[in-house]
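Protein chains in written order, with the numbering used here: chain A, 1 to 389; chain B, 1 to 128; chain C, 1 to 152.
Bear in mind the hints are in silico, worked out from the structure with no lab data behind them. Hints should not be assumed to be uniformly reliable.
What the hints assert, rightly or not - With a Cα cut of at most 27 Å, we get these calculated DSSO-like pairs of lysine-lysine:
#1 A:LYS167 x C:LYS77
#2 A:LYS213 x A:LYS77
#3 C:LYS54 x A:LYS162
#4 A:LYS167 x C:LYS36
#5 C:LYS125 x C:LYS36
#6 C:LYS77 x B:LYS39
#7 C:LYS48 x C:LYS36
#8 C:LYS54 x C:LYS77
#9 A:LYS147 x C:LYS120
#10 B:LYS82 x A:LYS52
#11 A:LYS298 x A:LYS77
#12 A:LYS147 x C:LYS125
#13 A:LYS162 x B:LYS82
#14 C:LYS147 x A:LYS10
#15 A:LYS386 x A:LYS147
#16 C:LYS147 x A:LYS167
#17 B:LYS48 x C:LYS128
#18 C:LYS36 x B:LYS21
#19 B:LYS56 x A:LYS167
#20 A:LYS147 x C:LYS36
#21 C:LYS147 x A:LYS162
#22 A:LYS31 x B:LYS127
#23 A:LYS52 x A:LYS364
#24 C:LYS57 x C:LYS147
#25 B:LYS67 x B:LYS21
#26 C:LYS134 x C:LYS147
#27 A:LYS323 x A:LYS364
#28 C:LYS120 x A:LYS10
#29 C:LYS109 x C:LYS125
#30 A:LYS10 x A:LYS167
#31 C:LYS134 x A:LYS147
#32 C:LYS109 x C:LYS120
#33 A:LYS10 x C:LYS57
#34 A:LYS77 x A:LYS364
#35 C:LYS77 x B:LYS67
#36 A:LYS174 x B:LYS39
#37 B:LYS127 x A:LYS162
What the hints assert, rightly or not - Computed far set for chain C versus chain A, every beta-carbon distance over 12 Å:
#38 GLU40
#39 ALA50
#40 PHE79
These numbers were taken from a predicted model, which means no experiment stands behind them. Where a beta carbon is used, it is the ideal one built from N, C-alpha and C, also for glycine.
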Amino acid sequence: MKTGGFSQIKNLCRKGHGHFLSAFTERTAPKADGQEISLDQAIDRAGEILRKAERPLLYGWSNSSLEAQRVGIELAKKLEATIDDTSSFCQGRIMERILTGRLPTCTLDDVRNFADTSIFWGSDPSNSHPRLLSRFAYYPRGEKRQKSYEEERTCIVVDVRKSATTKLCSNYFKVLPGGDADLIASVIAVLEGKIPKFGDKKLMIELGAILRKTEFGVLFPGLGILSSLTDKMDLLESLIAKLNELSAFKVIPTVEHFNTRGFNKLLLEDAGCINRAFFQGGKAIHGPQMSVSIASKKCDAALVIGSDPLSSLPFGTARSLAKVPVIAIDPHRSLTTDAAKVVIPSAIHGLEAGGSAVRMDGVKIDFDPILTASTLSDVQILGMIKEAI
Amino acid sequence: MESTVTIATFRDIFQNEAEKKSRYSEEYRGLSAQIILDKQDMANLGVKDGQNVLVKNEVGRIVVTAKTSEDDPHPGLAFMVKSPWSNHLIEDDICEMSSPEFKKTSVQVSPSGEDITQISELYLRMKA
Amino acid sequence: MVGAMEIYKLLPADACKECGYTSCMALAVALRNRGKRLDEFPALLNPKYADRFKKLKELLAPLEKASETGMIIHPEKCFGCGNCVVACPVNVAAEPTRCGIGLGPQGEKVILAVEDGVVKCMNVKECKRFGPNKVLCNACIVTCPSKAIEFV
Numbered sequence: 001m002k003t004g005g006f007s008q009i010k011n012l013c014r015k016g017h018g019h020f021l022s023a024f025t026e027r028t029a030p031k032a033d034g035q036e037i038s039l040d041q042a043i044d045r046a047g048e049i050l051r052k053a054e055r056p057l058l059y060g061w062s063n064s065s066l067e068a069q070r071v072g073i074e075l076a077k078k079l080e081a082t083i084d085d086t087s088s089f090c091q092g093r094i095m096e097r098i099l100t101g102r103l104p105t106c107t108l109d110d111v112r113n114f115a116d117t118s119i120f121w122g123s124d125p126s127n128s129h130p131r132l133l134s135r136f137a138y139y140p141r142g143e144k145r146q147k148s149y150e151e152e153r154t155c156i157v158v159d160v161r162k163s164a165t166t167k168l169c170s171n172y173f174k175v176l177p178g179g180d181a182d183l184i185a186s187v188i189a190v191l192e193g194k195i196p197k198f199g200d201k202k203l204m205i206e207l208g209a210i211l212r213k214t215e216f217g218v219l220f221p222g223l224g225i226l227s228s229l230t231d232k233m234d235l236l237e238s239l240i241a242k243l244n245e246l247s248a249f250k251v252i253p254t255v256e257h258f259n260t261r262g263f264n265k266l267l268l269e270d271a272g273c274i275n276r277a278f279f280q281g282g283k284a285i286h287g288p289q290m291s292v293s294i295a296s297k298k299c300d301a302a303l304v305i306g307s308d309p310l311s312s313l314p315f316g317t318a319r320s321l322a323k324v325p326v327i328a329i330d331p332h333r334s335l336t337t338d339a340a341k342v343v344i345p346s347a348i349h350g351l352e353a354g355g356s357a358v359r360m361d362g363v364k365i366d367f368d369p370i371l372t373a374s375t376l377s378d379v380q381i382l383g384m385i386k387e388a389i
Numbered sequence: 001m002e003s004t005v006t007i008a009t010f011r012d013i014f015q016n017e018a019e020k021k022s023r024y025s026e027e028y029r030g031l032s033a034q035i036i037l038d039k040q041d042m043a044n045l046g047v048k049d050g051q052n053v054l055v056k057n058e059v060g061r062i063v064v065t066a067k068t069s070e071d072d073p074h075p076g077l078a079f080m081v082k083s084p085w086s087n088h089l090i091e092d093d094i095c096e097m098s099s100p101e102f103k104k105t106s107v108q109v110s111p112s113g114e115d116i117t118q119i120s121e122l123y124l125r126m127k128a
Numbered sequence: 001m002v003g004a005m006e007i008y009k010l011l012p013a014d015a016c017k018e019c020g021y022t023s024c025m026a027l028a029v030a031l032r033n034r035g036k037r038l039d040e041f042p043a044l045l046n047p048k049y050a051d052r053f054k055k056l057k058e059l060l061a062p063l064e065k066a067s068e069t070g071m072i073i074h075p076e077k078c079f080g081c082g083n084c085v086v087a088c089p090v091n092v093a094a095e096p097t098r099c100g101i102g103l104g105p106q107g108e109k110v111i112l113a114v115e116d117g118v119v120k121c122m123n124v125k126e127c128k129r130f131g132p133n134k135v136l137c138n139a140c141i142v143t144c145p146s147k148a149i150e151f152v
């Protein structure tokens, strides 16, 4: 039963296949205060902790369905809690600009049909989104790109290292860590017909030439550029604006989890902000203090759903979270579930639980389970917790 | 012998696959607890490919395996796959606009005879 | 991919001509091109060459694995990205509404497909590098991020 009764698993990349197989290993069981207990008892204990907390934090969300995320936001309002998702430190920064229309965007299907230039800036999709190039960005044929990568598509990679993706694209532009702002300034200069101040002039002019020839370009910004630009995101806006003077140029956030965009869309619609909010008296207050980095130090209890911040966040944040009572809702054992006061096992979306999500490009996807779940889904668990408090 | 380098993190599909199997495995530790150093930097440090090194800064200290970079020379710059090991070295202070420096962490590297840090050790330090 | 020189260095280099070739280098080339197999040469089974024979067998093992067309897949390197599946002209011709537009194949007429997380080859005789009208198609090689596919 190692593969749930399936003898062959087709078309999943190595990452997807690993995700599929993870349904059969290291699954969590309901636990509280170090003891294995029944699910109902775990839910009650969770409700008790959240009810008594004065400054609860609700973190995670990107691995939950839209339906579950909605309940999560309601829960945050009911508890007057701080809510934050996993994209705070990465795609969240660009997500707001895209969702509010400050940066033009398009769907991945548009990319496949129309894009002749894809730029991976600080991003290595071969390792993080293995099917991005084969399904959309470089190799497939599309309505206006029947000759595809051989004649009609160009790929550009800007990175600090020769990643696997650089081996596929003949246009690799090396950037030094933190040097993205200068590089952007140089590209803008070249597009304006001026001499670039930074970088190899010949290479910059080459890059400018490719961009000028572009009919429909797409930028996929990765953590590399987003962490580098921090407070200089306006520069990126300027670059995209300049490119749009020449032709259509869009931006798609390469989010890490399947429903990061979904959560941000819901929060934006509900609370007028993305990523994080503090609900008080039904109103949402937002600001950097609500990010998990700061909130983890101020909260007195945390609900972590579909995420393992003890593994994936900086040491200081991990340590702060390890000190407060944590309710971990997760299908798998992780450092966070090990440290949690209450562990509630959940079903894996797409495999065991159905629902809907918003893909990185804004397209809504509905999915059905293919395996029978022996655990509840996020939306069911959250509903029970909401009742318990 | 000790040198200071900046670390930039990246993603690796094989390490990610191992993570999905188990965060507690030797395989995951082996693929995560590595630092990819510039060839000349390694020579200056007197460290050979596959040797263990101590990587530390004000935030934490870890022992990982040094690997020789196959990239064009990048002195002063090192790469680590995003993992609980690399996160152990990241500054947590955030100011109004910036984010934890996942991509530009400064560390001191030196040869080490110690064993590679276990994930259980990283966990204990979080709980301490 | 193993070269004739590497093979030559493991051969006795005494040009005994028992194999029918005029020099050990000629034999090395024949072994490299898979015109001949190691076990066709009793002279090499002589115990004094035992160590060399063992190393030769190891060196030539990848060549044995390769299909008739010379395609070798290293599944341990494969990302399962599907670039080769979508780029392969035979795949695209067989399934224009699937592989042609970036999707995985549904039928059995393709050469490359991703199964259990890595790529597998089948119907390799349909590969354009094979047969009387062969061309040096390299779609699956240049589109691979990890050199998981190569041709002998």
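Results of checking the hints against the structure:
1. A:LYS167 x C:LYS77: At roughly 15 Å apart (the allowed maximum being 27 Å), LYS77 (chain C) and LYS167 (chain A) satisfy the hint.
2. A:LYS213 x A:LYS77: Violated: LYS213 (chain A) and LYS77 (chain A) sit about 50 Å apart, past 27 Å.
3. C:LYS54 x A:LYS162: 37 Å, violated
4. A:LYS167 x C:LYS36: Not OK: LYS167 (chain A) and LYS36 (chain C) at ~35 Å, beyond 27 Å, violated.
5. C:LYS125 x C:LYS36: Holds, at roughly 21 Å.
6. C:LYS77 x B:LYS39: Distance ~24 Å between LYS77 (chain C) and LYS39 (chain B) Cα, so the pair holds.
7. C:LYS48 x C:LYS36: 22 Å, holds
8. C:LYS54 x C:LYS77: Distance of about 25 Å is within 27 Å: holds.
9. A:LYS147 x C:LYS120: 25 Å, holds
10. B:LYS82 x A:LYS52: Violated. LYS82 (chain B) to LYS52 (chain A) sits at ~36 Å, over the 27 Å cutoff.
11. A:LYS298 x A:LYS77: 18 Å, holds
12. A:LYS147 x C:LYS125: 25 Å, holds
13. A:LYS162 x B:LYS82: 16 Å, holds
14. C:LYS147 x A:LYS10: It holds: about 21 Å lies between the C-alpha atoms, which stays within 27 Å.
15. A:LYS386 x A:LYS147: Distance ~54 Å between LYS386 (chain A) and LYS147 (chain A) Cα, so the pair is violated.
16. C:LYS147 x A:LYS167: 10 Å, holds
17. B:LYS48 x C:LYS128: 45 Å, violated
18. C:LYS36 x B:LYS21: 43 Å, violated
19. B:LYS56 x A:LYS167: 32 Å, violated
20. A:LYS147 x C:LYS36: 41 Å, violated
21. C:LYS147 x A:LYS162: 15 Å, holds
22. A:LYS31 x B:LYS127: The given pair, whose Cα atoms are some 19 Å apart, holds under the 27 Å limit.
23. A:LYS52 x A:LYS364: Violated: LYS52 (chain A) and LYS364 (chain A) sit about 37 Å apart, past 27 Å.
24. C:LYS57 x C:LYS147: Satisfied, since the Cα-Cα distance of roughly 23 Å is no more than 27 Å.
25. B:LYS67 x B:LYS21: 24 Å, holds
26. C:LYS134 x C:LYS147: 22 Å, holds
27. A:LYS323 x A:LYS364: 38 Å, violated
28. C:LYS120 x A:LYS10: 10 Å, holds
29. C:LYS109 x C:LYS125: 11 Å, holds
30. A:LYS10 x A:LYS167: Given that 27 Å is the threshold and the Cα spacing comes to 26 Å, the pair holds.
31. C:LYS134 x A:LYS147: Measuring from Cα to Cα gives roughly 22 Å; hence the hint holds.
32. C:LYS109 x C:LYS120: 13 Å, holds
33. A:LYS10 x C:LYS57: Violated - the C-alpha atoms of LYS57 (chain C) and LYS10 (chain A) are around 34 Å apart, more than 27 Å.
34. A:LYS77 x A:LYS364: Holds, because 25 Å separates the two Cα atoms, which is no more than 27 Å.
35. C:LYS77 x B:LYS67: 18 Å, holds
36. A:LYS174 x B:LYS39: 18 Å, holds
37. B:LYS127 x A:LYS162: Since the Cα atoms of LYS127 (chain B) and LYS162 (chain A) sit roughly 37 Å apart, the hinted pair is violated (cutoff 27 Å).
38. GLU40: GLU40 (chain C) is indeed farther than 12 Å from all Cβ atoms of chain A, at 38 Å.
39. ALA50: Answer for ALA50 (chain C): holds, closest chain A Cβ roughly 40 Å.
40. PHE79: 5 Å, violated
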